[in-house]
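Residue numbers (this note's numbering), protein chains in the order written: chain A, 763 to 1051; chain B, 1102 to 1222; chain C, 148 to 423.
These are calculated hints, taken from the structure and not from any lab test. We treat Cβ as the ideally placed atom computed from N, Cα and C, and that holds for glycine.
SDA-like cross-link-like pairs, simulated, lysine to any residue; straight-line CA separation at most 25 angstroms:
#1 A:K1049 - B:L1207
#2 A:K1005 - C:I189
#3 A:K912 - B:A1145
#4 C:K395 - A:Y994
#5 B:K1204 - B:G1170
#6 C:K412 - C:A382
#7 A:K912 - A:K968
#8 A:K919 - A:N885
#9 C:K249 - C:I208
#10 C:K192 - A:L985
Beta-carbon label-pair distances, calculated as ranges:
#11 C:E401 - A:E1009: 22 to 30 angstroms
#12 B:V1139 - A:N997: 44 to 52 angstroms
#13 A:A829 - C:D301: 43 to 51 angstroms
#14 A:P1007 - C:A382: 22 to 30 angstroms
Listed below are several chain C residues computed to face chain B (Cβ distance under 7 angstroms; list not exhaustive):
#15 F225
#16 N226
#17 A227
#18 A229
#19 V231
#20 K234
#21 I241
Listed below are the residues making up each chain.
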Amino acid sequence: MKQIVFISGKGGTGKSTLVSSLSLLVQNKMLADCDVEAPNLHILLQGEILKKRDFFGAKEAVIDSSACIKCGLCRKTCRFDAISEEFEIKPMKCEGCGACTLVCPQNAIKLEEVKTGETYVSNTSRGTFSHALLDIGAEGSGRLVTEVRKNVNAYKKDEEWLLIDGSPGIGCVVIASITGTDAVVVVSEPTKSGQSDLERVLGVAKHFGVPAFVCINKYNLNLKVTSEIEEYCENNGYPVIGKIPFEPSIVKALQEFKTPIEAGNKVITNEIKNLWARLVDEVENLKKA
Amino acid sequence: MLVAISSKGNSMECMMDPRFGRAEYFIIADTDTMEFEVVENAAAVAGGGAGITSGQLMIDKDVQAVITGNIGPNAMSVLAAANIEIYRGVSASVKENVEKLNKGLLEEISKTVPPHSGING
Amino acid sequence: MKVGILSGKGGTGKTTVSASLAAVVPSCQYIDCDVEEPNGAIFLKPELKEKSPVKVLVPEIDMTKCNFCGLCAKACQFNAIAVVKDKVLVFPEICHHCGACKIACPNDAILEVERTIGVVEANEDGTFLQGKLDVGEPISIPIINELKKHIKEDRFVILDCPPGASCAVVNSIEGCDYCVLIAEPTPFGLHDIKIAVQLVKNMGIPFGVVLNKASNDNRSIHHFCQSEGIEILMAIPFSKEIAEGYSKGILPVEINDLWNEKFKKLYEKIEGGAHK
Chain A
763 MKQIVFISGK GGTGKSTLVS SLSLLVQNKM LADCDVEAPN LHILLQGEIL
813 KKRDFFGAKE AVIDSSACIK CGLCRKTCRF DAISEEFEIK PMKCEGCGAC
863 TLVCPQNAIK LEEVKTGETY VSNTSRGTFS HALLDIGAEG SGRLVTEVRK
913 NVNAYKKDEE WLLIDGSPGI GCVVIASITG TDAVVVVSEP TKSGQSDLER
963 VLGVAKHFGV PAFVCINKYN LNLKVTSEIE EYCENNGYPV IGKIPFEPSI
1013 VKALQEFKTP IEAGNKVITN EIKNLWARLV DEVENLKKA
Chain B
1102 MLVAISSKGN SMECMMDPRF GRAEYFIIAD TDTMEFEVVE NAAAVAGGGA
1152 GITSGQLMID KDVQAVITGN IGPNAMSVLA AANIEIYRGV SASVKENVEK
1202 LNKGLLEEIS KTVPPHSGIN G
Chain C
148 MKVGILSGKG GTGKTTVSAS LAAVVPSCQY IDCDVEEPNG AIFLKPELKE
198 KSPVKVLVPE IDMTKCNFCG LCAKACQFNA IAVVKDKVLV FPEICHHCGA
248 CKIACPNDAI LEVERTIGVV EANEDGTFLQ GKLDVGEPIS IPIINELKKH
298 IKEDRFVILD CPPGASCAVV NSIEGCDYCV LIAEPTPFGL HDIKIAVQLV
348 KNMGIPFGVV LNKASNDNRS IHHFCQSEGI EILMAIPFSK EIAEGYSKGI
398 LPVEINDLWN EKFKKLYEKI EGGAHK
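With the hints as extra help, turn the sequences into a complete structure.
See the structure below:
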């Protein structure tokens, strides 16, 4: 199975829309949403959940108040300000490092596994779909992403492709979504901020040795920045495999839960088809090289 | 010699897992007798540092060599510090990989995939 | 007072709203807490004069004292230490700087040394601040905490938060007097705003919603806010003019006076909302 991950540096560039459009065009594939903090792909795929599981992705300190003598050593030791004056753990601040458990003279503190999210495997008309939702304010999204990808392995049959809607940013979640994939497609916008995000996120892909390609979405919003992005990609060896125009009709279609393909937009459908054909070629070439 | 193979399952017939730190199992086999022990890899679901913990496991189990697909730089440095040899396995069963190792057909890995750090944007 | 600007995810217009507010509110302070992708500077164009590295403490082993007992590796919940026969390996990139290893060491063989993970940048008078996480560094919280140390309590402080509802957002908005949630009227946007609402409610911070790319065709966010009793502070219509301006690094308030007025109104509503 060849794994293609779509990332964007930041949200809102049209990543989920592109992935869900491709989910209509590409045959014999599985899907995964690694944006576990704000997953969106399931909204367009509307599958039926086959399996749902609580995910225990972090540890948290728990104080046994009957044993606690309020000596204050734990509060002094904690570097995350996670213990209140009343000697209660602040769940959103505890990193689960266990330093407090080591200093407590009463052995009154223990680390316990806590639920940080839920994972789902869904059956959709476009293939088996692995996704998850991180609990609000929870930590450990990287582990949850790893779990989403593990579920892909557990449920895969003989699908040829895996399309991954990646996570935003450049931190640990992105690292967890791109490691071990066959190619990264960065979905970018021709904006000043999009340009700097693109360069940072390409840096991450390069760092992990994953071949990266670029798709410029809404390219006609700023032709000058688009050509700057193209020049940057050319100079740094990142093929631009697609340029999708901005069309108000896409926004409208989305409001009705429809991809541009379902909305019958020919120009955009063709552009996405070409993008995929180009990507397949590039991935084949990589294999030969 | 004791060799550990990253594995997708709990027997010699299972496929090698190309990942080291996040492998689901390790099969620790004696290359002379083909006797083996199955170890579930607790680090497969670790938040971070899976390669390091898996490396530490190899040391605790006293293996002399590891067969896997890709090995990260952290795991590599742990194994290197303990003088454990690392071989690049092929996409086949654990058993076939051990047989290939016995015949001297596996390549020793000295390069790693890039590390999680060290560049500035 | 301190105002956190957040949204369920990126790309909804957080920076547009934060930077526009910064442009219309006199003598305010703007802090870009989106340390993975700080974008505010593109619009506000500050002259960044002060740069200070953000450092964290990581362990270093004093080999003359270490007896390879392995207790440090066992104590580390993040697997950042391995003890191999007669060597100790420390992996600083995955260290969470908690100091547990130092406590666990029975031989006092662990020292802590500084390590840079990013930078905090500011203009001359400290009214614009941003943090930048080095690429490949996984932990952003220390940079956000460092940024928040520079808050000028006597001013109107705008905190442009990271996207999502993660611990980084929690750290950014902790202590805020009010939060502004940016929402887009799409099926995605509705889903994302519900998550953001839950987060600020959990933290007990008063909040209101700014609708971005609003259109008359989709009133899903209106309906949601109405049923939840949430105030819609402002609606920014979907406009090609604003989108094009954004792509060039130009804020709506620079396009015409109308937007200037609207953002001033927003400021008044925020002041009012926080003092309710």
